[in-house]
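Protein chains: 2
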Amino acid sequence: MPISQKPSASLAPDTALIERFIAIVGTTHALTEPADITPYLTENRGLYHGASPLVLKPGSTEEVSKILALASETNSPIVPVSGRTGLVGGQVPRDGSSDILLSLERMNRVREVDPVGNVIVADAGCILADIQKAAEEVNRLFPLSLGSEGSCRIGGNLATNAGGTAVLVYGNMRQLCLGLEVVLPTGEIWNGLRRLKKDNSGYDLRDLFIGAEGTLGVITGAVLKLYPRPLGHEVAFVGLKSPAEALSLFEKAGALCGPALTGFELMPRIGVDFTSRHIPGVRDPLSTRHDWYVLIDISTSDAVETAKTMMQDMLEQGLEAGLIDDAVVAGSEAQRKAIWHMRESMSDAQKPEGGSIKHDVSVPIASIPVFMKEAEDAVLAAMPGARVCAFGHLGDGNIHYNISQPIGADKAEFIGRWREINKVVHDIVRAHGGSISAEHGVGQLKRAELAETRPPIETVLMQRIKQAFDPTGIMNPGKVVPNG
Amino acid sequence: MPISQKPSASLAPDTALIERFIAIVGTTHALTEPADITPYLTENRGLYHGASPLVLKPGSTEEVSKILALASETNSPIVPVSGRTGLVGGQVPRDGSSDILLSLERMNRVREVDPVGNVIVADAGCILADIQKAAEEVNRLFPLSLGSEGSCRIGGNLATNAGGTAVLVYGNMRQLCLGLEVVLPTGEIWNGLRRLKKDNSGYDLRDLFIGAEGTLGVITGAVLKLYPRPLGHEVAFVGLKSPAEALSLFEKAGALCGPALTGFELMPRIGVDFTSRHIPGVRDPLSTRHDWYVLIDISTSDAVETAKTMMQDMLEQGLEAGLIDDAVVAGSEAQRKAIWHMRESMSDAQKPEGGSIKHDVSVPIASIPVFMKEAEDAVLAAMPGARVCAFGHLGDGNIHYNISQPIGADKAEFIGRWREINKVVHDIVRAHGGSISAEHGVGQLKRAELAETRPPIETVLMQRIKQAFDPTGIMNPGKVVPNG
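Same order as they appear, the protein sequences are chains A and B.
Each residue of the first sequence is one higher than the one before, starting from -2 at the first, in the working numbering.
Each residue of the second sequence is one higher than the one before, starting from -2 at the first, in the working numbering.
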């Protein structure tokens, strides 16, 4: 199990200080009862259990500013909290700590929707699905799409530079955000809410705050990019022999479709089995069984027919080249959603199969077939009977290399080997020049391992940045940066 | 005229120190004769004339590392030099300084071309056109395209986060670069040459070095992204009434073409006149005169016909909506190049018309028509007879707001009003939430004005980053950051 990040000195704020914090937001927007605070102290996977005396729910950027100014003055650690769907323990206070939680849940106002300038300006506490909906209402697309989009919030998406299923063309959050409003640890407000596609006027502060997981300041608002809604949309489900065929097919699809290729997701036989078995409504749309599958998503803006023709041409080329064994193209929006639902529920479908040791890795795309083979061999050598359920964004080089426990194994014992199995997989990732955190971030989960394995100068530079922005170390301590 | 950045204390390196620097690269790769150094002391616009006792031409990252280590040890300021096409004086040593120039011109090796992984790994001294060519040889596209592509170098493109004519879909240099190799001011080498599309493992160091204009370290190598070469390519030249019609047409084109819309450039009547008059081979392809023009570029990857159909549909919609007065579609590659050549030579075409006061600004796209009107009114009020030749990347909100001198005016007197006219235009830019440096960077030219006009906290954060990375202040002093 990952080791919790214990604060070095636990200075519990006294009652008078707690009262000063509460006075900023008002008593109705502060939680002090343990029963009310408990839901904020854990995360989905149950890997971290933190402690905190206080949850504050500010209603405005000004209130966030006052909270951080007081926190700086009194050396009180602050953990920013967004939709609490993070997978690396970044939003959980430290075990045994007196970290104060600052939840953005009340700051959920869409400030402006501008379909001409193609931007949405929103509070950081807006739920992702609400932003998608606001875009749809003006016939635009906000392309960020994640399994947790119904509850995750924009602030957390920004803090972790969220990726998801549309990165292939639209990029991560860094590419989807034009400007930020950030409250610095001192309480100062940086109004960087620009709407400019081009702005070369100094260091890239925006991209430094994005992905910093709340360790450099609290993002309170953002200018997000909107795109035209595609007219043509086609989804295919393809059966094939191995990741090598999938990679060759991806290259063909990329050459043919260019930026119309909006999704290319790899799935293993076992993942299709798990979802068919455990997720209501999911069934394998192909009549015969294959070792591997890809979901191919094509979107075009000019005409419905363009996407149809492109998908047909691409599948024909794949069949002719012997890369595809079987394929089906969704014939309706419901069928398209069903295929995507299979892919998006693959992680949940592992739960009824027992424990799952997870990895969120990326390697250069060309290395995926070799990486998959080497990682499987190494995992099976370390743990015979382990069921590798590795799937993900092949087009981004990003694989969720998940491993379900051997049938009949003891779950706790299996999960107890988390770090050991991580090392097995991550060593291979590193040998391919890959990353052990492709899209979920660092948080508590990967902080120590990253520091141990990356070039020391990189950690030093991060520590210097942390020190420059947060000299008193109050912002989300124990996350991302060693000794940060 | 812009004020030169004079070093506060001019500590000329003594002969012994000069010899130590020369020993690192060898005497054949060091320039000490004033006649040899002179070309490095000015820039294209003639706004800055610096001084330097020494040009070093290292042949490897290790030599760059040794130079910076010695510079740190001896407190010797270093100015990194790439293709010397920068437009803000960033590559010019300070007036009256003893800054040592570090030219990357010998580090021009393409280290690797990988058409499967879709990357090129290259020395920072590679000329942009050579990278484009290396991509073409493996049937890929490196999309960065600038007027100066025949001589500018990748290191400078990265240092300034270069934009150019293909930003609409492909983005600036930040979007075109996956990884960097950087020598830090201490001489330490950061090997961040990753090839990963997704990597959320800490602060975004890459994007901090990109656009820092050599003030945080010297970029020595990069992993650059390759794209499929488009099959279909169409270019149209459209006459229309005003920037308002151009903006409406851009919206229609964006909705119809999505990511196939690869260029949308606005040009004024006077710019078309200047290029037809002064640039050999350029002629107005339309038979009647119009007040404004747009160049529309559409690229598609699936088939030649898709681009043709898309262009026709888009022009028909524009004509029906009354947005277009006349249009011609290039019928051959030669014609496509001719139309682009008109656009790209628009700045050069101003030279025979006398002095030109330049601005490189961006505003939210929706504000362009109002901005253009307000800026023209204000400029003409300040200087009757001034000839506004404002053109640029409408689709990026980026206008090169250039002003040719009134006919018969005294050039030196006109250029003497540079700062005054800058203020007139920039005040309007700021009122629209725009940037006074959209793609050229800050350098010496805009350092003071930015510090005076942007939120003070932003300057403070930049100074803290500068201090964290370059505590002795040896990296390109006098550029970008006030007191940096």
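Some hints could be false.
Because identical chains share one entry, a pair is satisfied inside a single copy or across any pair of copies.
[As the list claims (entries may be wrong)] Derived BS3-like pairs (lysine-lysine); straight-line CA-CA distance at most 30 Å:
1) Lys238 - Lys63
2) Lys249 - Lys334
3) Lys305 - Lys249
4) Lys130 - Lys370
5) Lys249 - Lys408
Just so you know, these hints were derived from the structure itself, not from any lab.
Just so we're clear, the structure is a prediction, and the values are computed from it rather than from any experiment.
Here is how each hint holds up against the structure:
1. Lys238 - Lys63: neither (58 Å within a copy, 51 Å between copies)
2. Lys249 - Lys334: Both: 24 Å inside a copy, 29 Å across copies.
3. Lys305 - Lys249: Classified as both: same-chain Cα gap 16 Å, cross-chain 22 Å, threshold 30 Å.
4. Lys130 - Lys370: Neither: 41 Å inside a chain and 35 Å across chains, both beyond 30 Å.
5. Lys249 - Lys408: This pair counts as neither: shortest intra-copy Cα distance 42 Å, inter-copy 57 Å.
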